[in-house]
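All chains should be modelled from the sequences, with the hints used to inform the complete structure.
Next come the chains, spelled out residue by residue.
There are 2 protein chains.
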Amino acid sequence: MSDSDRELIVETQYWRFAEPPDRLKLRCGEELGPIDVAYETYGELSERKDNAVLICHALTGDAHVAGRHSAQDEKPGWWDVMVGPGKPIDTSRYFVVCTNLIGGCKGSTGPSSINPENGKPYALDFPMVTVRDMVRVQHAFVRNCLGLERLLCVIGGSFGGMQVLQWSIDYPEMVYAALPIATTSRLSALAIAFDEVGRQAIYSDPNWRGGDYYGRKPPHRGLAVARMIGHVTYLSDQSMHEKFGRGLQDRPGFGYDFGPPDFQVESYLRHQGDAFVQRFDANSYLYITKAMDYFDLVSDYGTLIKAFEQVRSRYLIISFSGDWLFPSYQSREIVRALQANAVLASFCEIESGYGHDVFLVKNPALENIITNFLNNCQDGIRGVSQCR
Amino acid sequence: MSDSDRELIVETQYWRFAEPPDRLKLRCGEELGPIDVAYETYGELSERKDNAVLICHALTGDAHVAGRHSAQDEKPGWWDVMVGPGKPIDTSRYFVVCTNLIGGCKGSTGPSSINPENGKPYALDFPMVTVRDMVRVQHAFVRNCLGLERLLCVIGGSFGGMQVLQWSIDYPEMVYAALPIATTSRLSALAIAFDEVGRQAIYSDPNWRGGDYYGRKPPHRGLAVARMIGHVTYLSDQSMHEKFGRGLQDRPGFGYDFGPPDFQVESYLRHQGDAFVQRFDANSYLYITKAMDYFDLVSDYGTLIKAFEQVRSRYLIISFSGDWLFPSYQSREIVRALQANAVLASFCEIESGYGHDVFLVKNPALENIITNFLNNCQDGIRGVSQCR
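Going down the list, the protein sequences come from chains A and B.
Just so we're aligned: 40 in numbering that gives the first Met the number 0 is position 41 of the first sequence, and the numbers increase by one with no gaps anywhere.
Just so we're aligned: 227 in numbering that gives the first Met the number 0 is position 228 of the second sequence, and the numbers increase by one with no gaps anywhere.
Note that these hints are calculated values from the structure, not bench results.
All of these numbers come straight from a predicted model, not from anything done at the bench.
Please note that a few of the clues may not be correct.
For identical chains, the list gives no copy identity; a pair is met inside one copy or between any two copies.
[Stated by the list, open to error] Here are the computed lysine to aspartate or glutamate pairs in the EDC-like style, where the Cα-Cα straight-line distance is at most 20 Å:
#1 Lys-119 with Glu-172
#2 Lys-242 with Asp-295
#3 Lys-361 with Glu-348
#4 Lys-24 with Asp-256
#5 Lys-119 with Asp-249
#6 Lys-361 with Glu-308
#7 Lys-105 with Glu-308
#8 Lys-24 with Glu-241
#9 Lys-119 with Glu-30
#10 Lys-361 with Asp-79
#11 Lys-24 with Asp-79
Right under this line is the structure:
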């Protein structure tokens, strides 16, 4: 374990957003409360409170973005390649924050949380939460728990990028810089289709029981299939060819049966499915994929240009050439709409055949771009402060 | 109903390939017999027997390629856009033949057929069948039932294209021309992955019972999910955008629930899944996707160039630019290997954003190319005959 690893021992903390009657009125019309928010912070807030970076996690992420919970922890947080001392999102320079989304299952209130009305897990009585609701809760947390009036940067990939966009629209004064990665202003029919098939796999598991499985056998088979579908869409033809090709799994020839996997790629997918169900709740998967499908800045604001009319942030939009789930043209649409509003927006398409999930793995090009952007942002926000 | 439709009333016929002890020794080492073959023919065989066109069907197809079984039939055969009087595969000129694959569930022997050893459906006691086995049965049928020594053309798309390639390799003297469409010499890791996730959806359905569900409730939920996964891969980002976009399904706004579909694309997929389970057997889906995954001309022959060393056919290879399941580069590999053997091989990539399944829908470019190729083949085969 290196020195820098030893420094990053973190703890998940919890904050309660609202007690009744201060319930959050959600976009769907229902109310939710109380709301707990699980979060982690890394590094120190500067005296001027101008170095906070909020990281928004993707579909199956959590607040544990980097470091380890103890020295014995086998695996670090989900974006440890990017976040830590001396890394692009440098915790020796920036005060880094990540919260678990509401609707999730990693400490923030979600369908597996206890419904105060009956003392049982919500299950499908949990109200539908949208990206805007999720961001409202994050905002309340940032203001009221952390006491911050401004964020140097809000950054996130995939579903996290949708939250970044929503943050910059809903709280323009608070977001100095926005860095949405591999994301879209609205999900395509193709991406909705994959989400829906994943949900159908969960619905089809008899252990799902209409969502009412807590304390019983959970719908692990259905959730595993959903995860396998998702996982294929996060990779690409090229990356799967390079990773697995047609390699066989620990056997000299075909099995000619339906037992153990013939191909490495089959074994990998089965493993991904099995591992996922140990760490994720099926109902949360349903709620968050729905929030993703519902996200649509065009229909919310009339046009994408109108969506960005009030923003004040500087943007860096990043996409990847090999991402066929949230393809680059969807990032370009965002850039064009920002530029039509004369907003400072840079765009970078990184050449990579890896697929959608490439932002989660080690990638020097991405690291350089993020390092430089945050550097410039910090110079910029301090320049702005001096002028005041 | 037009005149040409009225002409094409067809009947599925049956032929028994082998009685014990003439059982077919399969590639997996097991034996199978007796084997029934369901088939349909259209048009008339010429006196010289030089106008027979064999069509090989894809994963979920059957022998009923065109026309109707009765005037009351609502839907015609699966490639009725291409096959019929005056159509590109012109049944007034060609004697068109299609057989249901072994392993299938539309009349040819498959896992739902009765196992003569115990009088019960085979289920997973059905031996694993490969593309080579399927083609051997087709070959026996063509020779022994139809009495043909030569086929003007063997044609098929997707999994059908694999059979076309295998035909031209295993029976070079019999195949005057080969027309594989939107196919590959071996499935990519990406395509294997999607097949495997579909199988996992079936395995996960408790009604599957290890394949032993005949006479009971079949695993319709799992099979429907498998079909939905497949269906998404047969379309494309572009075609799904054009077909559905983010259009809502018979509702003014989001439902904010997990009930009826919000989006048209969800409704479409659910319908595709529900319709499919009425016409297809889950075990056949397992067997045929396995045969597809196992197909690999490179590993069978050492290299793709070696695979085509003995071929005698002229080839037309067709791919589609928007096909991301069996992308054009995979067709180009076939063309290069054929040309390395100095085989007459033309290649055409048709511009289309539709996706893999585009060969099944009306497409003037494809129609023209097939019309002309078959024309030329007929001229060619007759020229050859005259020289003899």
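Evaluation of the provided hints:
no.	hint	in the structure
1	Lys-119 with Glu-172	neither (40 Å within a copy, 72 Å between copies)
2	Lys-242 with Asp-295	between (34 Å within a copy, 18 Å between copies)
3	Lys-361 with Glu-348	within (16 Å within a copy, 36 Å between copies)
4	Lys-24 with Asp-256	between (54 Å within a copy, 17 Å between copies)
5	Lys-119 with Asp-249	neither (46 Å within a copy, 34 Å between copies)
6	Lys-361 with Glu-308	neither (35 Å within a copy, 44 Å between copies)
7	Lys-105 with Glu-308	neither (35 Å within a copy, 59 Å between copies)
8	Lys-24 with Glu-241	neither (48 Å within a copy, 36 Å between copies)
9	Lys-119 with Glu-30	within (17 Å within a copy, 57 Å between copies)
10	Lys-361 with Asp-79	within (10 Å within a copy, 50 Å between copies)
11	Lys-24 with Asp-79	neither (35 Å within a copy, 55 Å between copies)
Hint check: violations occur at hints 1, 5, 6, 7, 8 and 11; the rest are consistent with the structure.
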